[in-house]
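Protein sequence lines correspond, in order, to chains A and B.
Heads up: the first sequence begins at 107 in this note's numbering, then just goes up one per residue.
Heads up: the second sequence begins at 107 in this note's numbering, then just goes up one per residue.
One or more of the hints may lead you astray.
Pairs involving identical chains hold if they fit within one copy or between any two copies, as the list cannot separate such chains.
Here are the computed lysine to aspartate or glutamate pairs in the EDC-like style, where the Cα-Cα straight-line distance is at most 16 Å [to be verified]:
| no. | residue 1 | residue 2 |
| --- | --- | --- |
| 1 | K142 | D122 |
| 2 | K296 | D130 |
| 3 | K259 | D388 |
| 4 | K341 | E207 |
| 5 | K154 | E238 |
| 6 | K108 | D179 |
| 7 | K409 | D423 |
| 8 | K142 | E127 |
| 9 | K341 | D292 |
| 10 | K396 | E262 |
| 11 | K108 | D182 |
| 12 | K409 | D292 |
| 13 | K142 | D130 |
| 14 | K341 | D373 |
| 15 | K341 | D393 |
| 16 | K108 | E400 |
| 17 | K296 | E207 |
| 18 | K142 | D459 |
| 19 | K296 | E401 |
| 20 | K142 | D373 |
| 21 | K396 | E467 |
| 22 | K142 | D388 |
| 23 | K258 | E467 |
| 24 | K341 | E262 |
| 25 | K341 | E401 |
| 26 | K341 | E194 |
Since the hints were made in silico from the structure, they are not lab data.
Number of protein chains: 2
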Amino acid sequence: MKVNGRQTRTIWLGSDGWSVEIIDQALLPHRVVIEKLTSMAAAGHAIKSMQVRGAPLIGATAGYGMCLAMREDPSDAGLARAIAFLNEQRPTAVNLRWALEVMRATLAPLPPSQRVAAAYAQAARICDDDVETCRMLGVHGREVIRAIAARKKPGEVVNILTHCNAGFLACVDWGTATSPIYHAYDAGIKIHVWVDETRPRNQGASLTAFELGGHGVPHTIIVDNAGGHYMQAGKVDVCIVGTDRVTANGDVANKIGTYLKALAAHDNGVPFYVALPHSTIDWTLDDGFKIPIEERSADEVLKMPGRLPDGSVVTVDIAAPGSPAANPAFDVTPARLVTGFITERGVAPATADGLRGLYPEAVRG
Amino acid sequence: MKVNGRQTRTIWLGSDGWSVEIIDQALLPHRVVIEKLTSMAAAGHAIKSMQVRGAPLIGATAGYGMCLAMREDPSDAGLARAIAFLNEQRPTAVNLRWALEVMRATLAPLPPSQRVAAAYAQAARICDDDVETCRMLGVHGREVIRAIAARKKPGEVVNILTHCNAGFLACVDWGTATSPIYHAYDAGIKIHVWVDETRPRNQGASLTAFELGGHGVPHTIIVDNAGGHYMQAGKVDVCIVGTDRVTANGDVANKIGTYLKALAAHDNGVPFYVALPHSTIDWTLDDGFKIPIEERSADEVLKMPGRLPDGSVVTVDIAAPGSPAANPAFDVTPARLVTGFITERGVAPATADGLRGLYPEAVRG
């Protein structure tokens, strides 16, 4: 998508043809800095320090990290060392392990002299496959938005509410929840996006607003408390969110607060869609409430980063001194509150049958 | 309630018997500073600058502001000037006008020489009446909490969720939503309070957490997104919130986000109570959705005050540069989602009949 007027992905090869460039997302939205990665160590640091974040982008960075590693040492020992090193940068990131396994399967059978070129080709495929998945998801999701636009008066804006950042910044391009939005916008459908700020980490106000603004999509930041009011007032036509995991029965684990928006959508007859690639479906679980909910640091609730007037970025304490905080990262939205899933294969109802209809080849748990 | 170990109200007479002391709430929770008001101008400034906030406390401060004004000029002209001056400090504060009308009715018939003493007596009555209303509300609300405790296993904690600050800091003592909490705690009932941080102004994380902590009530700050998850997990036994206006049919206007918590409570079978004094009931409206919703400054969403490590208080920009924000201050929770009203006269269902049963003398619109 566009950043500062230039079409860009979140990761790409430098003009030298071998170095790897990323947007340093740890500095967003306060500063836009392009970081050049020229070593395996730098790629590992980018993953660990969350200069790159989002499951697909972490996988893509691991792929290119393997390219840089093969330039340094393409031997069998170097291959094993690189996989072990990159794998430990984010211990719970499923996509990181998946991408490293793809790279290993490609590189291990080859003689060391062929590994560098093969690594770059495979890393590019990981990126292109992710872009294509997100693009197709957006093509199907655009038609959901187009159908809503068709039921409105000519020229009336379609108001879309989203929560957290399931955007291109978490992927290589397009994003998941944002892909239907970008496709609708690029197709000339009049839209406006309500961006939940998404406490505690503010991914909506900082990342989603940043990327929608960069691409030119009209949007307004609101606090997480406000969405229900706008739905009551008829100012939300559809909700589209991403997800961290969908169980085989259609329950949705996503950023904390998603459940509250789904309740409000249901109470006001607003359609509530979840956008996801197939890799997010957990066929081994048939009850979202069996998903363990990560408890994160209380500091994310009690402290807040921001810009001072001089442009410097500081972190301030925002709560009553001495008061404790709790910080569950996700909640589970039951399938009964979800209108449908938007996937790269099309749109389906949020039911076991709906998911199986899209993915008949999937192995169930 | 207790602040730094000392029993205190939010406004009281100084040891000299005539000056007026307040907690400077504009500095909370970062610093606790007692401010001494010795002139009508200082009382007006305290109201305007939000050193005092909350309808009952604004009224009480106006009462004492009239005392200080009568010390300066007890003539008829001085009386008229003081009322006009204080009235314009917060143009939309209903309680401010009400308190000034009470003071005028008391003082105007008296000769100037008797006005100072009469003003102090009347201002004290305004305060004491508010304390008694909040106290009785808490006595009735305590029994709601006691009944929930009786249904739990012996020794099990009653988990209470509250939103925003309907606490003693907004009143003279006890508060509204917090009064049942303080009364239950003081009665030895084991409780724990989930404090919604309450974006955008963070009254929960800054004020409610501050006052509960000061009185020793166990509590935990959570982001506004988290309450639904805790209700799904069975970790909320009852919600108690305040209100800015209740219509005659039982609809509740309160801080933005209240509706989302009421939806989650309803979806999980958690009782949802609204605590209010009679003065909050608007008998002239029978539909909460007729209440105009105040739109406040976008800066409340886009900026955040907090403490730096050196203790200084700064305001930082937290969102993507250039993105706009919208900021509706209140939402309306329909009566169907409210279990009951806790008032100074007892507890009633959230219906027109429930309210009329408690206040048969009220003049309806």
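Hints versus structure:
1. K142 - D122: Within one copy only: 11 Å inside, 69 Å across.
2. K296 - D130: Answer is neither; intra-copy 31 Å and inter-copy 48 Å both fail.
3. K259 - D388: neither (40 Å within a copy, 37 Å between copies)
4. K341 - E207: neither (46 Å within a copy, 40 Å between copies)
5. K154 - E238: neither (26 Å within a copy, 57 Å between copies)
6. K108 - D179: neither (36 Å within a copy, 66 Å between copies)
7. K409 - D423: For K409 and D423, the Cα distance is within 16 Å both inside one copy (4 Å) and across copies (13 Å).
8. K142 - E127: within (5 Å within a copy, 59 Å between copies)
9. K341 - D292: neither (22 Å within a copy, 45 Å between copies)
10. K396 - E262: neither (42 Å within a copy, 25 Å between copies)
11. K108 - D182: Result: close neither inside a copy nor across copies, 40 Å intra and 68 Å inter.
12. K409 - D292: neither (38 Å within a copy, 31 Å between copies)
13. K142 - D130: Classified as within; 9 Å inside a copy, 50 Å across copies.
14. K341 - D373: within (14 Å within a copy, 23 Å between copies)
15. K341 - D393: Close neither inside one copy (32 Å) nor across copies (20 Å); limit 16 Å.
16. K108 - E400: neither (33 Å within a copy, 36 Å between copies)
17. K296 - E207: So K296 and E207 fail the 16 Å test inside a copy (42 Å) and across (52 Å) alike.
18. K142 - D459: Intra 46 Å, inter 69 Å, cutoff 16 Å: neither.
19. K296 - E401: Result: close neither inside a copy nor across copies, 39 Å intra and 25 Å inter.
20. K142 - D373: neither (48 Å within a copy, 49 Å between copies)
21. K396 - E467: neither (24 Å within a copy, 53 Å between copies)
22. K142 - D388: neither (35 Å within a copy, 62 Å between copies)
23. K258 - E467: neither (38 Å within a copy, 48 Å between copies)
24. K341 - E262: within (12 Å within a copy, 43 Å between copies)
25. K341 - E401: between (33 Å within a copy, 15 Å between copies)
26. K341 - E194: So K341 and E194 fail the 16 Å test inside a copy (45 Å) and across (35 Å) alike.
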